[in-house]
Amino acid sequence: MRLDQVPAARLALIGLVAGVFSALFGVGGGIVIVPLLVALVAFPIHAATATSLGAILVTATAGVALYALRGDVHPGYAALVGLPAVAGAVIGTHVQGRLSSGRLTLGFAVLLAAVGVWLIVG
Amino acid sequence: MSAWTIAAAISLGLVAGVLSGVFGVGGGILFVPTLVALGLGQVEAAATSLLAIVPTAATGVLRQRATGNLRIRAALVVGVTSIIGAEAGVRIAKAVDESVLRRAFGVLLLAVAVQFAIRGLRASRRYPDGS
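Quick note, the sequences are listed as chains E and X, same order. Heads up: the first sequence runs through residues 1 to 122, numbered per the numbering used here. Heads up: the second sequence runs through residues 1001 to 1131, numbered per the numbering used here.
Be aware that one or more of the hints could be misleading.
Unchecked claim - According to the in silico footprint, chain X covers these stretches of chain E (three or more CB under 8 Å from chain X):
id, stretch
1, 39-48
2, 68-75
3, 83-89
Said to hold, decoys possible - Footprint (simulated), chain X over chain E, 3 or more residues, beta carbon under 8 Å:
id, stretch
4, 11-24
5, 103-117
Stated by the list, open to error - Interface residues of chain E toward chain X, partial, derived using beta-carbon atoms under 8 Å:
id, residue
6, 27
7, 30
8, 59
9, 60
10, 61
11, 62
12, 64
13, 80
14, 92
15, 97
16, 100
What the hints contain is simulated information worked out from the structure, not anything from laboratory work. Treat the numbers as computed from the prediction; the structure is a model and nothing was measured. Cβ atoms here follow ideal geometry from the backbone N, Cα and C, with glycine treated the same way.
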């Protein structure tokens, strides 16, 4: 199955599940979207993480618009953590490009385990 | 706000960005606690974290478009439907005991972590030099 021909219904299911979990537990969508793209529609791990970022961009933009209307968004604070994060994202994508899919999958396993423990203990 | 606090917030922002770029996550898992530590309330921190995620994710998306890893159609479908899912999630959160669900979800993530570790080890053994 070519990646651009994956059935929209399966992608929609992934989005729905990711949305429910992120709202319920306050985790980002990515931690759910990446494993589901790998398991349900057989995305290679690099394509799954890149596509997850695209989905998060859509969701976060919509979320900001909603919260901003209620006055909950503090742009100065967002810049304080967000601007260094932009630099970090440049470094991160560069590092990712040099990682084999095996190593990236292993790294993601560590991230999943860390968030899992945090949810159980926290 | 002390200079040390600001330096810590900047460092955590940088780490969140690296995690976002490497693993395709938003970075909110580090943004939210950082913003709470800076004095924002839980809701304000979550809302402000979303604004920090927008440029972070956009940077990763632009970079990944160049590598050919990004599937725009899939990203749009997943992104739009997850907004609908989040709406449902908020309602469920109000109706059920969240702490039990939270632990169950944690266990689920640990199970997926084990599966990913096995998958990753197998791939590393099959292609030791990469790809």
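Now for the hints, and whether the structure bears them out:
no.	hint	in the structure
1	39-48	holds (count 5)
2	68-75	holds (count 6)
3	83-89	holds (count 7)
4	11-24	holds (count 14)
5	103-117	holds (count 14)
6	27	holds, 7 Å
7	30	holds, 3 Å
8	59	holds, 5 Å
9	60	holds, 4 Å
10	61	holds, 6 Å
11	62	holds, 5 Å
12	64	holds, 5 Å
13	80	holds, 5 Å
14	92	holds, 2 Å
15	97	holds, 6 Å
16	100	holds, 4 Å
In summary, the structure agrees with every hint in the numbered list given earlier.
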